[in-house]
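K.L.:
Given the sequences, and given the hints that come with them, work out the whole structure.
In the order they appear, the protein sequences are chains Z and U. Numbering of the first sequence is given in the working numbering, commencing with residue 27 and proceeding in unit increments. Numbering of the second sequence is given in the working numbering, commencing with residue 850 and proceeding in unit increments.
None of these hints come from the bench; they were simulated from the model. Positions of the beta carbon are idealized from the N, C-alpha and C atoms, including for glycine. One should not assume that every hint holds.
What the hints assert, rightly or not - In the DSS-like style, the derived pairs of lysine-lysine whose C-alpha atoms are separated by at most 25 Å in a straight line are:
(1) Z/320 <-> Z/284
(2) Z/300 <-> Z/320
(3) Z/189 <-> U/1016
(4) Z/189 <-> U/864
(5) U/1016 <-> Z/92
(6) U/1117 <-> Z/36
(7) U/1016 <-> Z/316
(8) U/1095 <-> Z/36
(9) U/1016 <-> Z/300
(10) Z/92 <-> Z/70
(11) U/1117 <-> Z/33
Claimed, not checked - Over 10 Å on every C-beta distance to chain U, these chain Z residues come out as not near it, computed from the model:
(12) 93
(13) 150
(14) 235
(15) 258
(16) 332
To be verified - From chain Z, some residues computed to sit far from chain U (all C-beta separations above 12 Å):
(17) 87
(18) 101
(19) 120
(20) 262
(21) 271
(22) 280
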Amino acid sequence: MKEGGFKSIKDLPSTHMLGPGTPICAGCGALEGIKIFCDILGEKTVFVNAAGCMTLLTVYPFTPFKGSWIYTAMASAPAGAQGVRDALDLLIRNGRLRPDEDLKVVVLTGDGTAYGMGLSSTSAAIYRGLDFIYICYDNEGYGNTGYQFSAATPHAARTATSKGPEGYQRYKKDLFSIWAAHKPAYVATVAGAEPLDLARKIEQAKDLKGSKLFIAFSPCPTGWHFEPAKAIEVGKLAVKTGVWPLKEYMDGKIVHTKVPLSKGKRLPVEEYLKLQGRFAHLFSPTRNEKVLEKIQTGVDAYWEGVV
Amino acid sequence: MYRIRFHARGGQGIKTASRILGTAFFLEGYEVQDSPRYGAERRGAPIFAYVRASKKIINERGIINKPDLVIVTDDSLLLLPIAGVLLGVTERTVLLIATDETTEVWKKRLNLQGLVLSISTQAAVESHAGLPLLGVACVGAAAQLAGAISKSALEEAIHEQLQPLGKVIVEESLAAAMAAYDQMEPYARCTTEREDPSADSYESPHWIDLPFEDARTSAPYIHAAATTFNVKTGVWRTMRPVIDLKQCNRCALCHIYCPDGVISLDAKGYPQIDYQHCKGCLICLLQCPTHAIDAIPEHGQEGEIS
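P.N.:
Spelled out as structure tokens, the structure:
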């Protein structure tokens, strides 16, 4: 890394920390983000991985990690992280590990865990002030089991368990606000398709003391039904259309790190939706103006509240 | 009992295809097992599904080692040892391949003694719905080959399994399945049932005795870093990205955006693709601002992994 942080794509690390050959889907938007996390956090890490797509990264006897990795049940990754953190602290205190041998504890879970069954243990960990990094790769559903809805599934998306004419009827949970309400050291939304914004945020947060939490937008070709080649395009459009706000919380303040164009000039959300098979029922056989307008209105209202 | 094994790549709809075939057998009064085999694999990776159907109680479980019919929806799998397409194939096994080469070519290439049949992939590739139709076409062919499934049972099974995907897909699938059913008429009942072996003739499994070890030895620890390097995910690829370095402006975007991190930069900043691991997602092709990356079909290419 150059002094003064990441100014352009060229400042991103030129060698990758995560090994190739993982069983993750071709064109995985989650791996896109995690790869950059690994590049910047380096080898001195312990990944505490709750069950989900990314547990497939490490299937015995293969691992892509150069640092350490441990597996936990879905709901309890932050509790696992507490154990690892405590063990490291004790080893350092007892002189069995030099302070410079300390490792960063990184929880890695999907949205099913982060937005749902792991929310309680995360809340407790932040409340205790656990010194750790949390990466939620948000592919907006239970991607590893055939793409059922989760509390992160957006309104109107079709999933294996929301096959009705207007898809998923509930609304995506606002995990960023829930996490930020705990007043941790750092919370951010990121996207693998915006590597510079992502790298800056990791750099900003990684050495802070306390809980640092990230929600990484993770387009899923398999579950969202688009060609793997379009994973980056889908991610970029989510940011440009305002569907996925890039923001961070620190010292009690929320800052938007990349604001899309104002209403009228901003790309309509349908430019993002129409690339994905999970929203195809909104366009064919007939356009569902009512639902499209509802989604657009929701996005517009969000950005009106920002300014 | 009929023992039918499907070989496909993840994303070709083979789980659904095997379910349709199983349902059709069921509707004809058969007891049925239909089970896709899940592994830690994804789109593009070789995958398997198994259908057993019998008028009697099925006592067999697990993978099918001695198939009566083997269905292959992607002919590149035939040359891939890890796909195991020819496992347990004998002269009485019928091999049905979705391919544009002749069956004679495959018979010769693989030195096969049994009946080899083919379904053309041309129509499926040209139509919008594309590859998943190959799976359902193979089901139509299989129904005819087994001779135990009527057109009406096949139709009902397709309706039952594909209804949620909408009318268009149901209709396209029906057309593909029925065309293959008719195409296979000269070979009706070529796939025959094989009796269940009696229990005492079962081959016992090749167990390996493992001594009791303490947890540090027996737990699945991995002590080395980045061992996935030994997994050659290049075999997943159906299209191969090729960089024309003359057009490359060394922007490094392909290197940054490749999710698997298989595009490295050489000393001069030019990208190089690690074809042993590249899964062929083609994100690099779409993101290259100078259009220096092209995609060529993997089929028939020379290379480390072809």
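K.L.:
Can we confirm that no CB of chain U comes within 10 Å of the CB of residue 235 of chain Z?
P.N.:
Residue 235 of chain Z clear of chain U: closest Cβ-Cβ about 28 Å, beyond 10 Å.
K.L.:
For the pair supplied as a hint, residue 1016 of chain U and residue 300 of chain Z, confirm whether the alpha-carbon distance does not exceed 25 Å.
P.N.:
Holds. Residue 1016 of chain U to residue 300 of chain Z sits at ~20 Å (cutoff 25 Å).
K.L.:
With a cut-off of 25 Å on the C-alpha distance, tell me whether residue 1117 of chain U and residue 36 of chain Z pass.
P.N.:
holds (13 Å)
K.L.:
Over 12 Å to the closest beta carbon of chain U is the bar; see if residue 271 of chain Z clears it.
P.N.:
Non-interface label stands for residue 271 of chain Z: nearest chain U Cβ at 22 Å, farther than 12 Å.
K.L.:
Hey, residue 189 of chain Z versus residue 864 of chain U, does the alpha-carbon distance stay inside 25 Å?
P.N.:
holds (18 Å)
K.L.:
Are all beta-carbon distances from residue 332 of chain Z to chain U longer than 10 Å?
P.N.:
holds (28 Å)
K.L.:
Determine whether the non-interface label on residue 150 of chain Z survives the test: each CB of chain U must be over 10 Å from its CB.
P.N.:
Residue 150 of chain Z is indeed farther than 10 Å from all Cβ atoms of chain U, at 28 Å.
K.L.:
Check whether the Cα positions of residue 1095 of chain U and residue 36 of chain Z lie no farther apart than 25 Å.
P.N.:
Holds, because 20 Å separates the two Cα atoms, which is no more than 25 Å.
K.L.:
For residue 92 of chain Z and residue 70 of chain Z, compute the direct alpha-carbon distance and say whether it is at most 25 Å.
P.N.:
It holds: about 8 Å lies between the C-alpha atoms, which stays within 25 Å.
K.L.:
Would the pair residue 189 of chain Z and residue 1016 of chain U pass a check requiring their Cα atoms to be no farther apart than 25 Å?
P.N.:
holds (14 Å)
K.L.:
Per the stated criterion, does the least C-beta distance between residue 258 of chain Z and chain U lie above 10 Å, as a non-interface residue requires?
P.N.:
Nearest chain U Cβ is 5 Å from residue 258 of chain Z, so the label is violated.
K.L.:
Measuring Cβ to Cβ, find out whether residue 280 of chain Z lies farther than 12 Å from everything in chain U.
P.N.:
The assertion about residue 280 of chain Z holds, with a minimum of 28 Å to chain U.
Comparing the model with each earlier hint shows violations of hints 5, 12, 15, 17, 20; every other hint is respected.
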